[in-house]
Amino acid sequence: GKIYGQLLENGEIGLKDKADIMYNLGNAEFKNKRYEKAQYLYREALKINPGDKDAKINLEIARKMLEQKHKKEQSYEEVKKELDKNKQRQKENESESEQAEEQERLSAQKEAESAREKEISGKNMKDVQKRIASENDRDKKKELARELDRQKQSWREAERRQLESAKRQKEARELKAGLEKKMGDLKGEQRKLERKLKEAENRERKNYGKNASGENSFSRDKTMDGAAEQKEAGNSIGGAGRREAEALSE
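By the working numbering, the letter at position 184 of the sequence shown is numbered 1028, and the numbering carries on one by one without gaps.
Keep in mind that the hints are not guaranteed to be accurate.
What the hints assert, rightly or not - Simulated crosslink set (DSS-like; lysine-lysine; CA at most 30 Å straight-line):
(1) K996 to K929
(2) K962 to K875
(3) K897 to K924
(4) K1011 to K1040
(5) K1025 to K931
(6) K925 to K1042
(7) K954 to K862
(8) K908 to K1026
(9) K877 to K931
(10) K985 to K967
(11) K931 to K908
(12) K996 to K935
(13) K996 to K931
(14) K1020 to K967
(15) K875 to K1014
(16) K1031 to K1050
(17) K924 to K1050
(18) K931 to K1050
(19) K913 to K1025
(20) K1040 to K1050
(21) K875 to K929
(22) K877 to K862
(23) K913 to K996
(24) K931 to K970
(25) K1026 to K1040
(26) K915 to K925
(27) K996 to K1020
(28) K1050 to K925
(29) K1025 to K875
(30) K1020 to K908
(31) K967 to K996
(32) K996 to K924
(33) K1040 to K913
(34) K913 to K925
(35) K1031 to K1042
(36) K931 to K862
(37) K1036 to K1025
(38) K924 to K1031
In short, the hints are calculated from the structure, not lab data.
All figures in this text were calculated on a predicted structure; none of them were measured in a lab.
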């Protein structure tokens, strides 16, 4: 990057070499996934050398890659809509959780009431059984037997209600636990969406600034790092050290 930049600034090269340098810099930007800058450089190379087939091919590849990148990047409004939906789902989840908690409370209350009713019926059954055992009158014994059946039926009904209330209480508790997990997932999703929203906001602000200033170029004194710069520095200016266009997209 630096070597090419110095040559371009000093005007020490001819047009063909300048076109080759633009092409190589475009390849470097492409490799770093800076497709907009790569397109600009390929276009600059083609302005000087319109017959450069490699530059034409790479320009088209860079255009397609940038198009794919933009499809993956959601706009600020799209992310905002997703975030609003997430917050709405959290409100709905919170409402469902409150209902489940109320259901659990009511079921626990009914279970306790049924348990007390069952206890009373049980005591009444024992009392009636004692009275039957001590009663000598046949008709009174029959009446007490009918009373004992009523108490037994009452006891069974109280037990049935107690079991149903315990079941509903368990279901409400399980529902509440599921909703709490769902709320945790929604909050995690919210944090991700907030980060994406910030990224989209910064991206759109950057694009707005670029469009407002009419700038499409980039600083020519930026360097490439690592092996890419070593390869670039080792290439001769005339040969341009070109890479095949197809290899860039791999």
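Now the hints, each set against the structure:
This hinted pair does not check out: K996 and K929 have alpha carbons roughly 55 Å apart, beyond 30 Å. Distance hint between K962 and K875 is unfulfilled; the C-alpha atoms sit about 79 Å from each other, more than 30 Å. Under the criterion of a C-alpha separation no larger than 30 Å, the hint pairing K897 with K924 is inconsistent with the structure, at around 43 Å. Simply put, K1011 and K1040 have alpha-carbon atoms about 43 Å apart, too far for the 30 Å limit, and the pair is violated.
As the CA atoms of K1025 and K931 are separated by approximately 15 Å, the hinted pair is consistent with the 30 Å bound. A distance of roughly 14 Å separates the Cα atoms of K925 and K1042; the hinted pair therefore holds under the 30 Å criterion. With a C-alpha separation of about 87 Å, the suggested pair K954 and K862 falls outside the 30 Å cut-off, and the hint is violated. About 39 Å separates the Cα atoms of K908 and K1026, which puts this hinted pair outside 30 Å; it is violated.
For the suggested pair K877 and K931, the alpha carbons sit about 34 Å apart, so the restraint of at most 30 Å is broken. Restraint check: the Cα-Cα separation between K985 and K967 comes to about 18 Å, which is no more than 30 Å; the hinted pair holds. Note on K931 and K908: the hinted pairing is violated, with a Cα-Cα distance of about 35 Å set against a maximum of 30 Å. Only pairs whose Cα atoms come within 30 Å are accepted, and K996 paired with K935 is rejected, the gap being roughly 47 Å.
A threshold of 30 Å between alpha carbons decides the hint, and for K996 with K931 the separation of about 53 Å lies outside it, so the pair is violated. For a cut-off of 30 Å, the pair hint linking K1020 to K967 is broken: about 37 Å separates their Cα positions. In summary, the hint linking K875 to K1014 is not supported, as the alpha carbons are separated by about 58 Å, beyond the 30 Å threshold. Under the criterion of a C-alpha separation no larger than 30 Å, the hint pairing K1031 with K1050 is consistent with the structure, at around 29 Å.
In summary, the hint linking K924 to K1050 is supported, as the alpha carbons are separated by about 18 Å, within the 30 Å threshold. About 28 Å separates the Cα atoms of K931 and K1050, which keeps this hinted pair within 30 Å; it holds. A distance of roughly 34 Å separates the Cα atoms of K913 and K1025; the hinted pair therefore is violated under the 30 Å criterion. The suggested pairing of K1040 with K1050 holds, with an alpha-carbon distance near 15 Å, which does not exceed 30 Å.
With a C-alpha separation of about 37 Å, the suggested pair K875 and K929 falls outside the 30 Å cut-off, and the hint is violated. Restraint check: the Cα-Cα separation between K877 and K862 comes to about 23 Å, which is no more than 30 Å; the hinted pair holds. For a cut-off of 30 Å, the pair hint linking K913 to K996 is broken: about 75 Å separates their Cα positions. Distance restraint check for K931 and K970: the Cα-Cα separation of roughly 58 Å exceeds the 30 Å cut-off, and the hinted pair is therefore not satisfied.
Distance hint between K1026 and K1040 is fulfilled; the C-alpha atoms sit about 21 Å from each other, no more than 30 Å. Between K915 and K925, the direct Cα distance comes to roughly 17 Å. Compliance with the 30 Å bound is thereby established for this hinted pair. A distance of roughly 36 Å separates the Cα atoms of K996 and K1020; the hinted pair therefore is violated under the 30 Å criterion. Note on K1050 and K925: the hinted pairing holds, with a Cα-Cα distance of about 21 Å set against a maximum of 30 Å.
Only pairs whose Cα atoms come within 30 Å are accepted, and K1025 paired with K875 is rejected, the gap being roughly 42 Å. Proximity of K1020 to K908 is assessed by CA-CA distance (about 48 Å); at most 30 Å being required, the pair is judged violated. Restraint check: the Cα-Cα separation between K967 and K996 comes to about 11 Å, which is no more than 30 Å; the hinted pair holds. The hinted pair formed by K996 and K924 fails the criterion: a straight-line CA distance of about 63 Å is larger than 30 Å.
The straight-line distance between the Cα atoms of K1040 and K913 is roughly 15 Å, inside the 30 Å bound, and the hint therefore holds. Between the alpha carbons of K913 and K925 the distance comes to roughly 21 Å, so the proposed pair stays at or under 30 Å and holds. Distance hint between K1031 and K1042 is fulfilled; the C-alpha atoms sit about 17 Å from each other, no more than 30 Å. Our distance criterion of 30 Å between C-alpha atoms is broken by K931 and K862, whose separation comes to about 54 Å.
Between K1036 and K1025 the CA atoms are separated by roughly 17 Å; this keeps the pair inside 30 Å, and the hint holds. Between K924 and K1031 the alpha-carbon distance is near 15 Å, which keeps this suggested pair within the 30 Å criterion.
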